[in-house]
Every structure is written in C-alpha cells, then in structure tokens.
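Trainee: Spelled out from the first residue to the last, the chains are:
2 protein chains.
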Amino acid sequence: MTLANFFTLESRDGEARTGRLATPHGVVRTPAFMPVGTAGAMKGLHWREVRDAGADIVLGNTYHLMLRPGAERIAALGGLQQFTGWNGPMLTDSGGFQVMSLAQLRKLDERGVTFRSHIDGSSHELTPERSIGIQRLLGSDIAMQLDECVKLPAERTDIERAMRLSLRWGERSRRAFESAPHGFMLFGIAQGGDVPELRRASARGMVDTGFHGYAIGGLAVGEPQAVMLAMIEEVVPILPRDRPRYLMGVGTPEDMLEAVARGIDMFDCVLPTRNGRHGMAFTRRGPVNLANARHADDPRPLDEESSWPATRSYARAYLHHLVKSGETLGAMLLSEINIAYYQQLMRDMRDAIVQGSFERFREQTRAGWAQGDITPR
Amino acid sequence: MTLANFFTLESRDGEARTGRLATPHGVVRTPAFMPVGTAGAMKGLHWREVRDAGADIVLGNTYHLMLRPGAERIAALGGLQQFTGWNGPMLTDSGGFQVMSLAQLRKLDERGVTFRSHIDGSSHELTPERSIGIQRLLGSDIAMQLDECVKLPAERTDIERAMRLSLRWGERSRRAFESAPHGFMLFGIAQGGDVPELRRASARGMVDTGFHGYAIGGLAVGEPQAVMLAMIEEVVPILPRDRPRYLMGVGTPEDMLEAVARGIDMFDCVLPTRNGRHGMAFTRRGPVNLANARHADDPRPLDEESSWPATRSYARAYLHHLVKSGETLGAMLLSEINIAYYQQLMRDMRDAIVQGSFERFREQTRAGWAQGDITPR
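For the record, the sequence lines run as chains A and B. Okay, so the first sequence: first residue is 1 according to the working numbering, each after it adds one. Okay, so the second sequence: first residue is 1 according to the working numbering, each after it adds one.
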C-alpha cells in the first residue's frame, strides 16, 4: 500500500529542487538543514535562536533520549516538542548509529541489537519495532527506520550483509509504523557502503517497501567526498521524484552544495555547533579559525555583509578573546553564527533554484570559499 | 577638593533608598545589582539577556582583563563597552582581590603588589596608580581604588595594617584619577574586617579623602551574616547621604534585602551565574535544586507568576534533564533565570521604597523564602 505523501515539489533547476514538507508541527522548506539537538537541547543555543536563524526542523537522537530522560517519561510530559519547548517539526534517528558508536557490549542479530548504556551501564534492546515505538513516544514528526551502518572502508561481504539486514529491518519498521496517526512520517534508509550495485539494490529494495521519504545513510563515515557524491548519483535516480530525500549526517557547506546539485533535499550534521565550540566559524569566504592570533587586534566583524547580527557586529578581536579564554559565550556565539550560516546557505540555494540560477550560485559560492578570509590588518 | 556628584537620591523609606547614578554610558537605577562579567563576558548569557533581565550596569574584573586580552589592547579596540558589545555602564574592580585569590608568588608592600599570572606565569605589578591606569584604559564608568582585603577570621593587627594601607592607597588612587575626564567615577573602599572601631576609622578616612562613591569591602568573605550586617551599620552612618554606597561581592537575595534595609545602593556577586551552572535556581520561594529527582516528572515551571519567560515557561522536568545531562542550555537557562530573579528583586525593592512600603515588602519576601518550594506532585 502506498503511503500518503506530505511533500510538495515546488521547483527544479537541473537535479536541484525546492519543496515543502508538511509535518504535524509545521512546514519544512527544502533544501533544509536540520541542526542536531542530541539530548533534547541544542548545545550553546536557545531554541529561539535556532528558529531565528531560519531552521524549520531540528533533529533529536533517539539513543540519548531513550536512556535519559527516557521515552515513556517524555511521552508523559507531552512529547519532545512540549518537553523541550522547541515546538516545531522534529526528526529523530532510529538510535542504531549511536548504539554502534557509543554503547558498550553491543550484540547485533536478526532480531535487533542489545547494548549497555554508556551513562549507567544498564541493559537495553533496540529492535526495529522498539525503535519505532520509542520514536512514537517521543512524538517525532519524522521517524527513521533502524538500520545497520558499516564504517568505511569495509569488506563487500560485510557491507552487503548489513545492507540486506537494513532492508529487512525497514520492512519491520514500516509494519510497526502502521498504527501511527495520519501526518506522522517514516523514512527508509538506503545502505550499501561504497559499492555502486549494493547502493542501487538497497535503494530499489527500500522503494519497494515504500516510505514517506527516503534517506541515504552510511556516508560521510570516512570515505572521500568523491565517493560520497558518486553514491548519491547511484541512489537518487532510483528514488521517486515526489518524495523527500535526506542525506544523513552530512556535512560541510561544500558537501551540501554538491548534494543539493544532485537532488538531495534534507541534511543534518553536528559540524556547525561542534566546530563552533572549537573556535571555528563557517563564512562565505570559507572557514575561519578564531583562535588564530591574527584576530587578536582586529576590530572587524566576521562578515560585515551577513544578515545575522552576531556575524556582522561582534569584533573578531572579541571572538578571539572569548575562544582563548574558554568563555561559554564564545561557543554560544560561534555556534549560532555557524547555524545561521548553514541556514543562510539553504535559503540562498532555495532562492537560486526558484530563480533557475543554481549553477551560477554554485560557482559563485565555491569561488567565495576558495577566495579565503579577508586580509589581516 | 570635593568631587562632582553624579548620584541623585530620589526617595527614602527608613534607611532604604532609591536613586539614579548617571554614568557616561547611561543611568543606573539604585538599588542596583551588577552581574559579574569577569573576563568581558557573562558566563552563559548574551548581553541582550543581561539587559532584558533589567541590569543597568555590569562588573568586569581588572585582574582578568589586564592579563588577557590586556588593557592596552582593549583601549585600542575602543574600550570595554565597544570591545564586548555590552555598550552600557560598567564598573571595574581594582584587580587587587583576584591578585590575592588567583595569582601566584604574590609580594605586597607599600608600593603595591607584584605577582605572576595564573594563565602564563608572566610577571606583573599592580600599584594604586597602575590599577587606575588600567581601569582608565578599559574605559570603565566606575573605577575602584586598589585595596587590601583580609580574609576573616584574622588578627586585629593584620586587619588594621591592611585597612591603613588601603587608606593610603585610596589617597594615591584619587590623585591618579584626577586626570580622568568629567563623568567618570572613582569609588573608595572601606576595610576593617569585623572590628567595629577599625571599620569606623576606615570609613572616616575614606570620606576625608573624598570619592564619587563609597564601597564597603572585605565582607562576605567567610564571616556570619550578622557580622556583615553589623559592620554595614557601623559604616553607613559615616558615609555622606548624597553619595552611592556599594557593598562589594554580596550576595544572596537575603543579604541584599537586609543590606538595602541598612542603606546600601549597589551590589555585585557571581552567585546567580555560578549557582545557575550548578543547577540551582533562585526563586521567590527560596533556592530550588533542579538536580533533585523530585523534578524529573514535573511539568510545572519554576514559578508560573514570574515576569521572566524562561522562569514561567520551561518545565522543571526539562531543566532537571538538562542539568543531569550536563547540557550547556541548562547552565544558560538557570543563569539567566537567576540574573532575572536578582533584577526582579531590585526592581521590587525600588518600587517598595518609592511607595513607602519597604518594611512590608521585606517581611513578605522573607516569608516567601521561608515558605519553601511548591509541593512535589
């Protein structure tokens, strides 16, 4: 049975596209970047700043939330949106990726994965059905199927085994999601590592199962960018044109520009906040390391033409001082500056696609990044 | 020669008073609480939140700023207000207190104090003249004289020696300040530990020297509250009625309520931000420890009647989760909630004094604190 479609494709320019995804908590304009609020909070930002920066949707991590404060507790408190105060669309991952990277004593079999919490050592099981159950308790607008993501490089047999398992888990996830109220969505995830025919087989199997939207997982896990883009090019032609496409865990501004050029609609990544905590700003002239002594006496802002107040008003000298002093405000300001830059890039891409000038925008944007930061004074 | 007076006493109710202190960067309504932005930043708050909470003035620490980024650098960047983006009145301390508590290899003599930086071990000298010079470079609206603060309990001879030295340093500070442009202010500091006659001698000496305003230092350094209040009662009658009175490093809400009742106009303290980082909220029903498990399932806000949005909107369960998870947002929200509570207390005291109902307000406020937090559910 075909699932209802909540995505409206609005305009296309080459493979790049804009659209609107209607969720129970509001509309998401695509291409969309989803800031990552791991444990129900955005590190260093108030929700109002995330919203003001232009984010329509944020991501929560099921693994963290199921362990603390717990899915049943969040459900009793009215769901993630009411609990956190974000009150907008939220996507949650399945929990599988973090079980693999954070939990202890993992044991994976056909049924699912058992593990011990990295917080208190308590024992937990995550199956496709339990993952959906948790995400329903959280009240996430978009749930993700449980999958197995293999770190690259990996043996082809391992990649294929994980890909086939992910397809079977996708079918179980869809069955488990059938009782969800109208409007809530479930996305499938294509795996297949860096092997083109496995990527295609995964995409075909996923589309056969049928989901509200389609994600590409298992990329940006150590492979060169060219491999990532090649895998997108294998998968995208197989995906239905009228459904949203989500590239998981990606990425740098350049990754996103190139992925949008290849037909991707949604992204999530911890880079803007994580790099912000480490003194790095994303700008239209490429990344700027505020810890560098060249900024110590520089009264100029990061980018005087930015539409984001903190980017165009705070002196580089002040940001440098905050970073060197380890002041929380430095991480707060650079995290919001980076989230705002990511959202500005999305807005600019959407505008360029609507105007049919995406190729020119892509060249100009790449040229800006290549130009590098303003000359020291 | 009498110094110009920028303080306007507006109303009195018993010993409690309201007034307005005109600084080069704006007017300060008193009684005033000055949040502490140690190194040119408020920990966990944006400047706009400090302003929105109702703070007219903030405090910067000369010791931290002289070491990093350096007073000459801040001067070249336009002064503290422009450097930080606070753009409002700022008071700076003399640096002496932190030299005593943070620096290494201190050596104190008549001339001043030499020390090694706790950041990089570099050697520095702080004299009354250099402290004024640094505070002038910083562009602070209100500079403090260099003094020697003795930790209590202490021997009377030590207390007296430090008090006499502080008086001599006060005279040198005033001479060094004579070239400051009109409108900028210098406050003297009364010392004298917990010895009434030394406190009175210090206050008389300080008033003889003459300053724009008068501070009481060396309290809230380990002595019981009753001793602190008794020392205020020794000093205040000696101070000119038409000048602002500042109780340094104080304190808890109760400390401030009792000090205002005894004629104090200004306060500063790290408690609201420091305790906020440790999961503690100040409320009109006393302190609330958000780390306590009783809040884990409680959807109610900290105080539904608060005028501050975060205080009346975020669920205790969410704040509890943020504190337990060590999320930055927890420290950010509780710091702003506490700063907002301190400012609300100041505003309420000012209103009560103007209305002649300070005594009733004081009783009701103490009763609220004594009542304790709302019943768990």
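It should be emphasised that the hints constitute simulated quantities derived from the structure, not laboratory data. Errors might be hidden in some of the hints.
Note that the list lumps identical chains together, so a pair holds whenever it fits in one copy or between two copies.
Calculated cross-link-like contacts (lysine-lysine; reagent style DSBU-like; alpha-carbon spacing at most 30 Å) [unchecked claim]:
#: 1; residue 1: Lys324; residue 2: Lys107
#: 2; residue 1: Lys151; residue 2: Lys43
#: 3; residue 1: Lys107; residue 2: Lys151
#: 4; residue 1: Lys324; residue 2: Lys43
Trainee: If a hint holds in the structure, say so; if it does not, say that too.
Mentor: Now for the hints, and whether the structure bears them out:
Taking the shortest alpha-carbon separations for Lys324 and Lys107, only the inter-copy value of 28 Å comes in at or below 30 Å, while the best intra-copy value is 43 Å. In this assembly of identical chains, Lys151 and Lys43 lie within 30 Å of each other by CA distance solely inside one copy; the values are 26 Å within and 39 Å between copies. Proximity of Lys107 to Lys151 under the C-alpha cut-off of 30 Å is restricted to the intra-copy arrangement: shortest distance 17 Å within a copy versus 58 Å between copies. Both within a single protomer and between protomers do Lys324 and Lys43 lie at most 30 Å apart by alpha-carbon distance, with minima of 19 Å and 14 Å respectively.
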